[in-house]
Every structure is written in structure tokens, then in C-alpha cells.
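Taking numbering that gives the first Met the number 0, the leading residue of the sequence shown gets 0, the next gets one more, and so forth.
These aren't lab readings, by the way, just hints derived from the structure by calculation.
Where hints are given, some of them may not hold.
What the hints assert, rightly or not - Pair ranges (Cβ atoms, derived):
1. S267 x E86: 45 to 53 Å
2. D549 x T357: 46 to 54 Å
3. K268 x S570: 27 to 35 Å
4. S66 x G574: 13 to 21 Å
5. N63 x A365: 52 to 60 Å
6. E86 x E228: 34 to 42 Å
7. G574 x R255: 18 to 26 Å
To be verified - Capping the alpha-carbon separation at 27 Å, the derived lysine-lysine pairs in DSS-like fashion look like this:
8. K597 x K217
9. K502 x K518
10. K595 x K575
11. K634 x K535
Glycine included, every Cβ here is placed at the ideal spot set by N, Cα and C.
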Amino acid sequence: MQSLGQNEASLACPQGCCPSLLFNPPPPQSQNTTTKPRNSSSECRHSFVATTASYIFPNTKFTNHESLPSLHESFSEFKKVYPQYSETDQVDHVRAKEYYHLSFSNQSCLDYIGIGLFSYYQRQHHRDTSKTQLASSSTPQSPTQYSDIPFFSISYKTGNLKTLLLHGGQESEFESAMKRRIMKFLNISENDYFMVFTANRTSAFKLVADSYPFQSSKKLLTVYDYESEAVEAMISCSEKRGAKAMSAEFSWSRLRIQSTKLRKMIVSKRKKKKKRGLFVFPLHSRVTGARYPYLWMSIAQENGWDVLIDACALGPKDMDSFGLSLFQPDFLICSFYKVFGENPSGFGCLFVKKSAITALESSSCAGIVNLVPDRFLHQSSQEKGSSGNCKQKSLSSLQDQELSSLNSFSGRIQTSQALKVEEESSELQIMVAPAEPKEGSGSVEAKELVESLQNKKSRDGESGGFNIECRCLDQVDSLGLIVITNRTRYLINWLVNSMMKLKHPNAAGEPLVKIYGPKVKFDRGPALAFNVFDWKGEKVEPVLVQKLADRNNISLSYGFLHHIWFADKYSEDKGKVLQTKEGRGHGLTTNKKKDKDKLGVTVVTAALSFLANFEDVYKLWTFVARFLDADFVEKERWRYTALNQKTIEV
Numbered sequence: 000m001q002s003l004g005q006n007e008a009s010l011a012c013p014q015g016c017c018p019s020l021l022f023n024p025p026p027p028q029s030q031n032t033t034t035k036p037r038n039s040s041s042e043c044r045h046s047f048v049a050t051t052a053s054y055i056f057p058n059t060k061f062t063n064h065e066s067l068p069s070l071h072e073s074f075s076e077f078k079k080v081y082p083q084y085s086e087t088d089q090v091d092h093v094r095a096k097e098y099y100h101l102s103f104s105n106q107s108c109l110d111y112i113g114i115g116l117f118s119y120y121q122r123q124h125h126r127d128t129s130k131t132q133l134a135s136s137s138t139p140q141s142p143t144q145y146s147d148i149p150f151f152s153i154s155y156k157t158g159n160l161k162t163l164l165l166h167g168g169q170e171s172e173f174e175s176a177m178k179r180r181i182m183k184f185l186n187i188s189e190n191d192y193f194m195v196f197t198a199n200r201t202s203a204f205k206l207v208a209d210s211y212p213f214q215s216s217k218k219l220l221t222v223y224d225y226e227s228e229a230v231e232a233m234i235s236c237s238e239k240r241g242a243k244a245m246s247a248e249f250s251w252s253r254l255r256i257q258s259t260k261l262r263k264m265i266v267s268k269r270k271k272k273k274k275r276g277l278f279v280f281p282l283h284s285r286v287t288g289a290r291y292p293y294l295w296m297s298i299a300q301e302n303g304w305d306v307l308i309d310a311c312a313l314g315p316k317d318m319d320s321f322g323l324s325l326f327q328p329d330f331l332i333c334s335f336y337k338v339f340g341e342n343p344s345g346f347g348c349l350f351v352k353k354s355a356i357t358a359l360e361s362s363s364c365a366g367i368v369n370l371v372p373d374r375f376l377h378q379s380s381q382e383k384g385s386s387g388n389c390k391q392k393s394l395s396s397l398q399d400q401e402l403s404s405l406n407s408f409s410g411r412i413q414t415s416q417a418l419k420v421e422e423e424s425s426e427l428q429i430m431v432a433p434a435e436p437k438e439g440s441g442s443v444e445a446k447e448l449v450e451s452l453q454n455k456k457s458r459d460g461e462s463g464g465f466n467i468e469c470r471c472l473d474q475v476d477s478l479g480l481i482v483i484t485n486r487t488r489y490l491i492n493w494l495v496n497s498m499m500k501l502k503h504p505n506a507a508g509e510p511l512v513k514i515y516g517p518k519v520k521f522d523r524g525p526a527l528a529f530n531v532f533d534w535k536g537e538k539v540e541p542v543l544v545q546k547l548a549d550r551n552n553i554s555l556s557y558g559f560l561h562h563i564w565f566a567d568k569y570s571e572d573k574g575k576v577l578q579t580k581e582g583r584g585h586g587l588t589t590n591k592k593k594d595k596d597k598l599g600v601t602v603v604t605a606a607l608s609f610l611a612n613f614e615d616v617y618k619l620w621t622f623v624a625r626f627l628d629a630d631f632v633e634k635e636r637w638r639y640t641a642l643n644q645k646t647i648e649v
């Protein structure tokens, strides 16, 4: 690729999001060279891609993992290519102070999807405070009374979603405060949307499928380039209720939306407008990092579709640039976890536009939950047991169910630190408004909880209730959209470009890594789908790559790409790459829709959080480079045997 000219190199992005080439720009080829004028946005994107491709290991290929530059050398060159990265140093300060466990464990967590609520420092401070309070308490208490899940637990309740949305339900001050905090964080107005807590992402999708009027609006159209447990559950539920499920297709191998086909499915041929069904649209792929044009939402709405936005894969501040008031989807789903790198459990959030509630159908829906302060939950369960329409489960079984239902694409989230039952108090870290409770209001337990937390009182002029400290949300708000987006943009594109520099040392120089979806791109998301191939061109199974990465303190996931469309020129690739999720079916092609839907490509996935740093992506790069050694897998097997005195199948 040609180097950038001096004129182009000197241009700066007005938003400050593109790198400026401040080091040894090449001389212009001609003094009379003229460049075609572009708008600032187009120039910014072009400059970014050209800079990344031209200045990160230019004209270089790595055929031996031992020849890779050191972390220090790589980071030094990285900062030259992306000098604005230094403007994100405040993220490193937050990570060092609030998430120091990541450095102590030397763990790179590249498998978290969603938005964090609390920081590790906050959790540890809360635990230490709770232990002190427990030790000084005059009333002896059993450690088994307390859950190892910090701040709150969830309890399932049965009910009717439509009734809940129309008439509301019993809600604690804690839940009200959490809703206010989340809606403020996401810039969603309580005047326009009603929010429901769900057990997880899958539960939120099933709630919509069980309540949407598929009898009159028959179609369900989804836009996912990967298999999602939540979406599959929605499709299954909707088809049982008479819906016709359809899906967009994605062109091999960049996995761009097949626009012509999708438009035909969306656009109505009838002149008379009629509700067509539900259009389920993720703003970008949580597996490949592909971002999709918002225009599809407008086209769907203009043609009589109700719209559900899947915001689970968005960056923590991406809702700031979404334009919710402009598109106003009928439903929006997102998810939150508790502590990054330490506790992936959490909950889902379903937002329903108030004007869409009356069209829903009444149905008995599972998956709605209450958020309950742990201490209050234990007191209530000990004194009364479960009561009312909220069926509470034991915390140990609840924890197992909660964690097992959290899927990282195709499998359970893999973390290096298993959650252990600790002897700690799980009293909610909250501050209470100074107003005394009115006589006769609230339960005895609630009053006792307020009285026990008088030393944590603080005024909250807006709500007059609980004021929950969600320190991770506060940190994200403080950092802002530009800092977070720029940081992940630099890191993910450096990683993509560096992966493509790894080549096998044979005569053909076959690439070690195949990347699916967008490659180096200014507006790609912070997720990456790839596979590793040996020197014979055979794919190393993603599950094996994940296991070996975990041994090297790198947490990855794996996913299944599907709904892939192959042009005629890629017909040979189609026979080679498509297989079932279980790994069967190489060379199998079929025209039957059900069989086609079962075929796809299993891939390794990595997702960068706002806390990711250069060392995380460098570690992943150097780990993948070790597959250049044809004996790497066998060496790892023997090393593991020597350390553990047993063999396992990898």
C-alpha cells in the first residue's frame, strides 16, 4: 500500500478521533499533485485506515513467535501511530485504582459483554466494611446467612407483563433508585418508556416474544450474523404463537448485510399500511464488530414494522450518540453485570415504549425479577419465607442458575476466578435520605433496614429516596463517549492489523489467522471474530484455542456465524467452510432452509471493554503467534501434564 502524502498526513480530524502523522511523513511525489476534496468525516476515516495499514509493522510478516517485538517496543510504536491514545490515560488510572485485581492476577478479560455496575475496589471496600460490622455486632450471626454476590440479589416473580406495564407493581425504593440510575445513564426518559428488570438477556427477548401480537402482525425479522441464544429463544416462542420467522443474510467474507434481500423483506408491496410484524435489530454485531446503518430502523418503521433494538453489545456510552428520541423504537433491551473481571452475574433490562403497551397481548410470562438487597432478602426469608406473587429462591441455587444462564455467545462465560462462597455480609452499599419514614408506611423489615443504615444518610433532592453508588457507571460518565470510543478504536484496529501480519513459514506464506467481518476500519466495533489455521490450512478448533488461552490468563469466547451468503466466485469456499455447530458437515451444501440455518462457521471471539489496555491486546497477539510453532499444542499438553500430573483432552 502506498504511503500517505504530506498534505493528507497534515490533516486533522475535527472531532479529534483520528491519528495525526507527526513522525517523519513521506515527501510528496510531486509538487503539482492535487487531491480530490473530501468532507472531513470521509477524510478522517480514510486517513485512519491508511495510517493503520501503512505504519503498523509496514511491509513486515512474522513467521516465528520468538521474532515478535517486545511489549515495550510495540507500545512505543503504537503511540507514534496513535498519538491521541495518550489522551485516554485517565482510563489507566481508573483501572489501576478501581480494578487492581486485573494486574494482580495478570488476567486479560476479553469475554465480557454488557455494562458494569460496580468497581472491584467498591466491592472489596464494601466486603471489608461488612466484615467489620459483623465482627463488632453484639448479635452472633452465621456466615452462611450471607451471599457472596455483592450489593443485591434477584428474586423471580410470576405475573403478566402487560398488566405490570399498565398498572405497575410493588417496587422497593432500591429498585426505583436503580431504574432511575440506569435510565439516566442510558439517556432514556421515564416519560416515554417503562423499564422491567429481567433475569438475563434471554429472558427479555422471551418476554417480548410471549407478549407481541403475532396473531395480527405475523412476521419476525432478525438481523444477526451469529447464533444468539436469546434470539433463538425468541424465534422458538414466536413460531409457536404463529409467527413467520425470517433473517437477514450476510455476504462472505466481510459479512456485510445483503441489502437487496433485506430491503425486499422489509418493504411492503401493498399501498395500504398495515402492521407487518417485529423487526429485531442489533446496532452492531457482538461477535464480528460489524456496525449496521441506522437507516434500516427508519425503513422498517416507514413500512409498518415495530422495532426492537438490541443494545446489549453497545459500548458503555454509545447510547449518547444513538439518537433514541429520533428513532423511538418500540422495545429496547440491554444487560448489566456486577463487577468487570470478577463477577459476571447481573440482570437484563427491557424497555417498552408506553405507546406500544396497549398492543401487547396478555400472557403469563417468566423472567421478570425483583432486585433485593441481600440483607433485606435474608431477613425476610428467615422471618416470613416467600410470600405474595414474588417467588424467591435460595441464593445458592439462584446463583448457580444465574451464572449458568449467562452465555458468552455459545458457551458459559469463562473467567479465571471462580466465584467462591465467602464469609461476608452482603448489606447493600446505599445512602438513605434523611427524611424519616412516615408512620404506618413500609414494612417492619424496611424500617429496620433504614434504621440500621442511618450512618450512611445523604440528601438526595431529586428523588428523596435511595441513592445508589454504581461506581462503574459513574466512571464511564466521567470518561465520556469520545475517550472510550477512541481508546477501543485504536486497540481493536491495532490488533486486527497485527493479526494479519502473522504468516506460516512455508513457501506459500499462508496466513495464520482468518478474520471474519470488518478488518481495519474506523467505525468497527470493539469485537473480533477469527480462527487459527495450521501450516496445512486446517482450522484449529475454537474450543481448543479458548482452553489454551485460558491457561495463558486470557479469557476468550467462541461463537457460531450463520446466515452467510456466498457469491458465485466463493462457491468453492462455501463447500469448505460451512459446517454445523458441532463441527460436522464440511463440504455439505443444501437448499433446504432448515438445513441451511444449521450451517455456519465456529469462530473464536474477543471483545474489548472500556478498561482494556494495550497489554491485553498484545498478550492476545503473542499468544496467537505461538500457533506458528507446529508443535505448540502438543507442547502445551505435555506442560499441563507435568504441572498437574494428569492428562486431559484438549
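These are the hints, each one checked on the structure:
1. The given range of 45 to 53 Å is respected by S267 and E86, whose C-beta atoms sit roughly 48 Å from each other.
2. Hint check: D549 to T357, Cβ distance near 49 Å, so the stated range 46 to 54 Å holds.
3. Between K268 and S570, the C-beta spacing of about 31 Å keeps the proposed range 27 to 35 Å intact.
4. At about 35 Å, the beta-carbon gap between S66 and G574 misses the expected band of 13 to 21 Å.
5. At about 54 Å, the CB distance of N63 to A365 agrees with the hint of 52 to 60 Å.
6. The beta-carbon spacing between E86 and E228, approximately 38 Å, falls within the hinted interval of 34 to 42 Å.
7. Checking the proposed 18 to 26 Å range against G574 and R255 shows it holds: the Cβ atoms sit about 22 Å from each other.
8. Note on K597 and K217: the hinted pairing holds, with a Cα-Cα distance of about 23 Å set against a maximum of 27 Å.
9. For the hint pairing K502 with K518, the CA-to-CA distance comes to about 17 Å; that is within 27 Å, so the pair holds.
10. Taken as a hint, the K595 and K575 pair is honoured in the structure, with Cα atoms around 15 Å apart against an allowance of 27 Å.
11. Between K634 and K535, the direct Cα distance comes to roughly 19 Å. Compliance with the 27 Å bound is thereby established for this hinted pair.
In the structure shown, a violation is registered for the earlier hint numbered 4 alone.
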